[in-house]
Amino acid sequence: MLLQRYSKNKQNRQYIYMNRMKGINRRLFNQLYIVVILAVVAGIVSCARMGNPDGGWYDETPPKVLGATPADRGTNVTSKNIRIQFDEFIKIENASENVIVSPPQLETPEIKASGKYIDVKLIDSLKPNTTYTVDFSDAISDNNEGNPLGNYTYSFSTGSDIDTMEVSGYVLQAENLEPVKGILVGLYANMADSAFQKLPMLRVSRTDSRGHFVVKGVKPGQYRIYALQDMDGNYTFNQKSEMIAFSHDMITPSVKEDVRQDTTWTDSLHIAAIDRVQYHHYMPDDVVLKAFTEVLTDRYYIKNERQNPDRFTLFFSYGNAQLPQIHGLNFNEKDAFIINTTVKQDTITYWLKDTALVNQDTLRMEMTYLMTDSLGKLVSQTEPLEILSKQPYAKRMREKQKEIADWKKKIEKAKKKGEPFDSIMPLKPLAMDIKVSAQLDPDKNIRFISPTPLEMVDTTKIHLYSKHDSLWYKAPFLFRQLAKRATDGTMIQPDSLRHGLKYELIGEWRPNIEYSLEVDSAAFVDIYGNISGKSKNGFKVKSNDEYSTLLVTLQGMDSLNMVVQLLDSGDKVVKEVKANNGQAEFFYLSPGEYYMRLFVDSNNNGVWDTGKYDEDRQAEEVYYYPQKLECRAKWDITQTWNPKSTVLYRQKPAEITKQKTDKKRTVQHRNAERARKLGKQYIPRI
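When you read off a place in the sequence shown, starting at 1, and then add 3, the result is the number in the working numbering.
Below 16 Å or equal to it, Euclidean Cα-Cα: the simulated EDC-like pairs (lysine to aspartate or glutamate) are:
no.: 1; residue 1: Lys222; residue 2: Asp164
no.: 2; residue 1: Lys94; residue 2: Asp141
no.: 3; residue 1: Lys119; residue 2: Glu148
no.: 4; residue 1: Lys477; residue 2: Glu517
no.: 5; residue 1: Lys545; residue 2: Glu517
no.: 6; residue 1: Lys575; residue 2: Glu658
no.: 7; residue 1: Lys464; residue 2: Glu521
no.: 8; residue 1: Lys243; residue 2: Glu297
no.: 9; residue 1: Lys431; residue 2: Asp409
FRET-style restraints, in silico, Cβ to Cβ:
no.: 10; residue 1: Gln630; residue 2: Ser499; range: 43 to 51 Å
no.: 11; residue 1: Leu474; residue 2: Ser538; range: 20 to 28 Å
no.: 12; residue 1: Ser212; residue 2: Thr267; range: 17 to 25 Å
no.: 13; residue 1: Ile342; residue 2: Asn608; range: 20 to 28 Å
no.: 14; residue 1: Ser257; residue 2: Glu658; range: 30 to 38 Å
FYI, nobody ran anything at the bench for these hints, they're computed from the structure.
Here the structure is a predicted model, which means the values were calculated and not measured.
All C-beta atoms, glycine included, are put in the ideal place defined by N, C-alpha and C.
Just need the whole structure built from these sequences, with the hints factored in.
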């Protein structure tokens, strides 16, 4: 009995044990199964995106086009409504600027993104047997990470054939080779020069931040190409303020089978793969258009100003050698003014010689001048002017009385303290601004700037001394008004020292020598009788050992008139010289880094001139030396430069190019950066 009970209990325990073991094994199996499933899932995810313990990788897959209605590259299309479907939610950036429709649409198309779709509605009537392209460029991206689809173009034809040729190149500013962003580039099958001014463009594109353009959907044939900063949206050049570019080269589109190398990067420094890819190579792909804005020669009166009581200024849209005639209505205009003009003679300042006129708050006059009429011709125009002083006489008298009162208080205070005093209030001296630094370059001169026109200059009261072996000696100099540039660019040296505002002192500057410039009181007297005070300035001319010399030999430019310019890091001119027999010489260069450009001075006036379409005149040619120049003290640098050896769109150094290429921080860049920080290898999805 006991044996049977023991045996039965043993069987029960074994049964319980076996069941318990089965339960444990089942749980272990389930846990192992879950682990295996998770590993498989992780492996799949890792294949799609490298695993990362720090939050996972950003999605870097750009959106894909699933289809379109009407179909992309479809023919015999009659619908003006287009719907493009994508595999994920998308967005479109600034469609009005980034999306271009060809042929150009006079009524702006409606383009919008909605969920996984982009809808395009063309407003203009469809033209028969015409290829239409909707160039989205890289405006389309996914909604989450902003992965750009990149250079996507949808096209269809209203006829039985679709045109697929392309023309591409660059648009640069003619004056400084800056890439022009956002300018229209269009083709004309009409070869007449007037087509650009009367007809809309046939096919259009828009430049990116590099100035690069691609005109797509082009029919085989011959074309002329133009660029236009279209101000009024009519795709024709009809405003002189619009930036334009034109070329007489005939454009004949063609295509050939070609091979290119596509590089895939592991990160910004390491290459993952280099693949050879076959593609259709459309030509020409290197068109260069040099854009310029014409000088606005229409002349009209803009405004007048009288910020100071002793002068008033008239502003015009464009200058003319024939200055306005002034007839005073409440004053006598005869011998009443000293006139100063800008170089372009579009801004004219009238200095009032008579202090009675200076104290007159309102000047009424009639002005007769030349203005441009509706036919573009200069005609005489007379109109009344009432010019008010911004500083009324009463206000100036109150300020003067306050100065006198303050002076009297100083005298009373000096009397009480028993200090010496001068009962006569001193006059304010004429404040001449002498532009001289402690260190002078041997090729520079000293500038004198007067706040008002000078009536008298006494050069016997200007003294220049140089120091030799601890002794001071008189040094020769020349004192003159600064030369003025005429409208044709030539420099005019005034005959007299009277009535000028800017002067220069020219000396025989010797390197490493100390100088002293001493000016006696009353050396300068202005037209109101104000007298300059006494001044003394010491300075030293730098040693030749502190400078560098640059000698440039120009090649491939024949015997053209050329002006060569040295530039700083801001693309501003530091020095310029006129090339002589293909040589440009720069002396007394301070050590530093420079850049270089030249322009072909076609009319030999010393300044760069823009173009004019009606006269079939291009802007004067400009070239950049494509590298940086380093100048060191005591160095003589010899450089040979062929300005035509490098294509224009690759000439200007990136360091001084102001129009920078758009740099969108792609998802792959962010993933590569994350991998670098974690010390892991990153392989982008291809």
